[in-house]
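Visitor: Given next are the chains, with one letter for each unit.
Number of protein chains: 2
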Amino acid sequence: MRLALLSLSLCVSLLSTAAVAQTKPEDAIKYRRSVYTVLLWNWMPMNAMVRGRIPFDAAEFASRAERVAALAPQLLEGFPQGSHEGATTDAKPAIWTNFDDFSAKMKDLERETAALASIAKGGDQAAIQEQFAKTGGTCKACHDEYKAD
Amino acid sequence: MRLALLSLSLCVSLLSTAAVAQTKPEDAIKYRRSVYTVLLWNWMPMNAMVRGRIPFDAAEFASRAERVAALAPQLLEGFPQGSHEGATTDAKPAIWTNFDDFSAKMKDLERETAALASIAKGGDQAAIQEQFAKTGGTCKACHDEYKAD
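Residue numbers (the working numbering), protein chains in the order written: chain A, 420 to 568; chain B, 420 to 568.
Just chain A, same shape as in the assembly (with noise of 0.2 Å):
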């Protein structure tokens, strides 16, 4: 079976966006917990490099900026009403009674890094490192307001 590793289980929870809404609470903090890890691993090296820690290569900068990029829209999919518990979260349930200002977050965070992405192919180093400071400051927006730790 050339689709053997597609259990009928798991597709009857994860079926499609409209479905996303009946996903069990545990398979989207995973999926957005997991998200966030792939985020995180491809901005680490570019933090690094902004910050003067290992020497700046313009060619890695766009390509992690472009994944960073590709991943910002994947997020908001990952907080389905009533995921607020199930598993380890980081998730304040003020996402799901706020979730309009939680939902532009994301949009701010989206359009951040697209255009950290298409700055980052210009290779221009000072524009970089300054849309490089603006996009953090989407994460650090919605974190100090939505994530515990």
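Treat each hint with caution, since some may be false.
It does not matter which identical chain is used: a pair holds within one copy or between any two.
[Stated by the list, open to error] Quick list of in silico lysine-lysine cross-link-like pairs, DSS-like style, CA-CA up to 30 Å:
#1 Lys511 <-> Lys553
#2 Lys540 <-> Lys526
#3 Lys449 <-> Lys524
#4 Lys511 <-> Lys449
#5 Lys553 <-> Lys526
#6 Lys443 <-> Lys526
#7 Lys559 <-> Lys443
#8 Lys449 <-> Lys559
#9 Lys553 <-> Lys449
#10 Lys443 <-> Lys566
#11 Lys566 <-> Lys449
#12 Lys526 <-> Lys449
#13 Lys526 <-> Lys511
#14 Lys511 <-> Lys540
#15 Lys524 <-> Lys553
Everything labelled a hint here was simulated from the structure, so no lab data went into it.
Please build the complex by placing chain B on the supplied structure of chain A, with the hints as guidance.
Guide: Quick look at chain B alone, frame taken from chain A:
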């Protein structure tokens, strides 16, 4: 601090591609498991569409295929030398004794997911179905040899 979320301790271990070889095995394992989780999250709705369990939605399929194609090239750096243990992992030690073959299989996945993303944009369901099965075959080829489960 705009970048307060980025701790020095994490920087030291993650740094750049060049430094990935020095990454702690447990960090690499967490990273690669996360990439697989996000990949599977996006794969499952496509699978449900291909199997007729949910209605085919060309735009959603194309979007998820695009994500999977972007994730596939991010896997290999999650398998640095020495990361066969240190945390829960299904990765068989054979990966590191046959790393050329393992890398080639990852390249197969990259190529076929890219083709799937490209074909998905066209919206031809029969072509999509065929390429989806072909892509699933590259998942299986690697799992059969290198994944314990």
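Visitor: Take the hints in turn and mark each one as holding or not.
Guide: Hints versus structure:
1. For the identical chains of this complex, Lys511 and Lys553 are intra-copy neighbours only, at 24 Å inside a copy versus 41 Å across copies, given an alpha-carbon limit of 30 Å.
2. Taking identical chains as interchangeable, the C-alpha atoms of Lys540 and Lys526 lie at most 30 Å apart whether they share a chain (22 Å) or sit on different chains (25 Å).
3. Both within a single protomer and between protomers do Lys449 and Lys524 lie at most 30 Å apart by alpha-carbon distance, with minima of 21 Å and 26 Å respectively.
4. Taking CA atoms no more than 30 Å apart as the test, Lys511 paired with Lys449 passes in both settings, with 16 Å inside one copy and 23 Å between copies.
5. For the identical chains of this complex, Lys553 and Lys526 are intra-copy neighbours only, at 14 Å inside a copy versus 35 Å across copies, given an alpha-carbon limit of 30 Å.
6. For the homomeric pair Lys443 and Lys526, the shortest alpha-carbon distance inside one copy (24 Å) is at most 30 Å, but the shortest distance between copies (33 Å) is not.
7. Taking the closest pair of Cα atoms, Lys559 and Lys443 come within 30 Å of each other both inside a single copy (28 Å) and across two copies (26 Å).
8. Within a single copy, Lys449 and Lys559 get their C-alpha atoms as close as 21 Å, and across copies as close as 23 Å, so both meet the 30 Å cut-off.
9. In this assembly of identical chains, the alpha carbons of Lys553 and Lys449 lie at most 30 Å apart whether taken from the same copy (28 Å) or from different copies (28 Å).
10. Within a single copy, Lys443 and Lys566 get their C-alpha atoms as close as 20 Å, and across copies as close as 26 Å, so both meet the 30 Å cut-off.
11. In the homo-oligomer, the alpha carbons of Lys566 and Lys449 lie at most 30 Å apart both inside one protomer (16 Å) and across protomers (20 Å), since each shortest distance falls under that limit.
12. In this assembly of identical chains, Lys526 and Lys449 lie within 30 Å of each other by CA distance both inside one copy and across copies; the values are 21 Å within and 27 Å between.
13. When the C-alpha separation of Lys526 and Lys511 is checked against a cutoff of 30 Å, the pair qualifies only within one copy, where the shortest distance is 18 Å, while the shortest distance between copies is 40 Å.
14. For the homomeric pair Lys511 and Lys540, neither the shortest alpha-carbon distance inside one copy (36 Å) nor that between copies (37 Å) is at most 30 Å.
15. In this assembly of identical chains, the alpha carbons of Lys524 and Lys553 lie at most 30 Å apart only when taken from the same copy (13 Å versus 39 Å across copies).
In this structure, the one hint that does not hold is number 14.
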